[in-house]
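K.L.:
Chain by chain, the residues run as shown.
There are 2 protein chains.
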Amino acid sequence: MTPVSKNIAYHLKKLRKELGWSLDRTAQETGVSKAMLGQIERGESSPTIATLWKIVNGFHVPFSVFLEEPHLLHNPTEPEHLPSVGSKMYVNPIFPFDPELKCEIFIIQLPPGYEQLSAPHESGIIEHIVVVEGTMEVFLQGAWKTLQKGKGLRFDAHQPHGYRNTTSRIACFHNIIHYTGKG
Amino acid sequence: MTPVSKNIAYHLKKLRKELGWSLDRTAQETGVSKAMLGQIERGESSPTIATLWKIVNGFHVPFSVFLEEPHLLHNPTEPEHLPSVGSKMYVNPIFPFDPELKCEIFIIQLPPGYEQLSAPHESGIIEHIVVVEGTMEVFLQGAWKTLQKGKGLRFDAHQPHGYRNTTSRIACFHNIIHYTGKG
DNA sequence: AAGGGTTGTGCGTTATAGCATACAATGGCA
DNA sequence: TGCCATTGTATGCTATAACGCACAACCCTT
Chain A
3 MTPVSKNIAY HLKKLRKELG WSLDRTAQET GVSKAMLGQI ERGESSPTIA TLWKIVNGFH
63 VPFSVFLEEP HLLHNPTEPE HLPSVGSKMY VNPIFPFDPE LKCEIFIIQL PPGYEQLSAP
123 HESGIIEHIV VVEGTMEVFL QGAWKTLQKG KGLRFDAHQP HGYRNTTSRI ACFHNIIHYT
183 GKG
Chain B
3 MTPVSKNIAY HLKKLRKELG WSLDRTAQET GVSKAMLGQI ERGESSPTIA TLWKIVNGFH
63 VPFSVFLEEP HLLHNPTEPE HLPSVGSKMY VNPIFPFDPE LKCEIFIIQL PPGYEQLSAP
123 HESGIIEHIV VVEGTMEVFL QGAWKTLQKG KGLRFDAHQP HGYRNTTSRI ACFHNIIHYT
183 GKG
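Protein sequence lines correspond, in order, to chains A and B. Here the first sequence stands for residues 3 to 185, numbered as in the numbering used here. Here the second sequence stands for residues 3 to 185, numbered as in the numbering used here.
Quick caveat, the hints were computed from the structure, so don't treat them as lab data. Possibly wrong hints are sitting among the right ones.
Put simply, identical chains are the same to the list, so a pair is met inside one copy or across any two.
Pairs of lysine-lysine, DSBU-like flavour, derived with a Cα cap of 35 angstroms [as the list claims (entries may be wrong)]:
1) Lys-104 <-> Lys-16
2) Lys-153 <-> Lys-36
3) Lys-151 <-> Lys-36
4) Lys-19 <-> Lys-153
5) Lys-151 <-> Lys-8
All values reported here derive from a predicted model rather than from experimental measurement.
With the hints as extra help, turn the sequences into a complete structure.
P.N.:
Printed below as a string of structure tokens:
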């Protein structure tokens, strides 16, 4: 049993308990059988990457959460979990869904200090982001990446991701979404 | 096959090649059989956490190396590198052609007074335009349509079309092109 | 107490990760 | 040209990840 498996066992049970989920509930949310979830929590099984991926998606958390040493987890309130004051993200469809291209395009405004964490979409969804105004950050693979005006990013939406604006000016970006249907 | 497995496959082969290691050598260093390493590289197998742990230890790299997405950033255009004043239309690719989506994205600057009329492209090409900066006009169906900042237009490029900027300020727009191959 | 719902764990089966080995495709080097 | 070393892939087998189901312990009500 590797140290990493112990970390996963610890974090899985802790996160599940924090949310008040039963093994049954967790099995439904993640698509992993509750028997397997129990074995992983008890450290009796070393999950495959595919299974671990289902789990982190079910919890809507990045991979890094399950890989960190337990004592690192106990940091206090993280700023991204604080409620954003007043303002909301403004999503405006520029082009509605195009069945032929399987594509739709939004323009999205992020007020200062706003943060949005998204659950993974279904599989086969590709997002393109291009910053139009200001500076924003995109959460991917457990890290926030900063994008200046004019910068872009391409990623598979079938994973936890998010957007935020840590500046004092409004940020604005185009969001081009393709549904490949290859899930 | 999950996106994560694809990332692992990509990074494993890339890292191995960078070090000039054969599968045999890698098997010795990591304690994972070369047959399994080959399958992981080809994406034919989803390794367990225990196996992945052996691999990252053999390479003496952190887990995060194998989880990051390859080619996330597509060297997007630096807006400051665009000529602030010019006499010609400035076309800059943000995302190169994506064979899977049959899509490419440009950012285009129109200096004041500039006008561009295009002959019809081949059939099956759909263009989306979204104005990012200033105001521009698009020629379609024998008429010029005015687009304010934030406005967009969708059309089939298989017809005469054009862009112009009749204002005194620079205009800038995103151009998203799909090649449906239905010509 | 007795019943019904929920919780986590144990059991038998299936799918597949992982191994050792053999094989085929390359690339020198005599 | 032939030989040998090295590369990555294919094969057969074993270990185990993963599943569905059943079970036992523990709430509740009534």
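K.L.:
None of the hints should be skipped; say for each whether it holds.
P.N.:
Here is what the structure says about each hint:
{"no.": "1", "hint": "Lys-104 <-> Lys-16", "result": "both (26 angstroms within a copy, 32 angstroms between copies)"}
{"no.": "2", "hint": "Lys-153 <-> Lys-36", "result": "neither (43 angstroms within a copy, 40 angstroms between copies)"}
{"no.": "3", "hint": "Lys-151 <-> Lys-36", "result": "neither (46 angstroms within a copy, 46 angstroms between copies)"}
{"no.": "4", "hint": "Lys-19 <-> Lys-153", "result": "between (40 angstroms within a copy, 30 angstroms between copies)"}
{"no.": "5", "hint": "Lys-151 <-> Lys-8", "result": "between (39 angstroms within a copy, 30 angstroms between copies)"}
Hint violations for this structure: numbers 2 and 3, all remaining hints satisfied.
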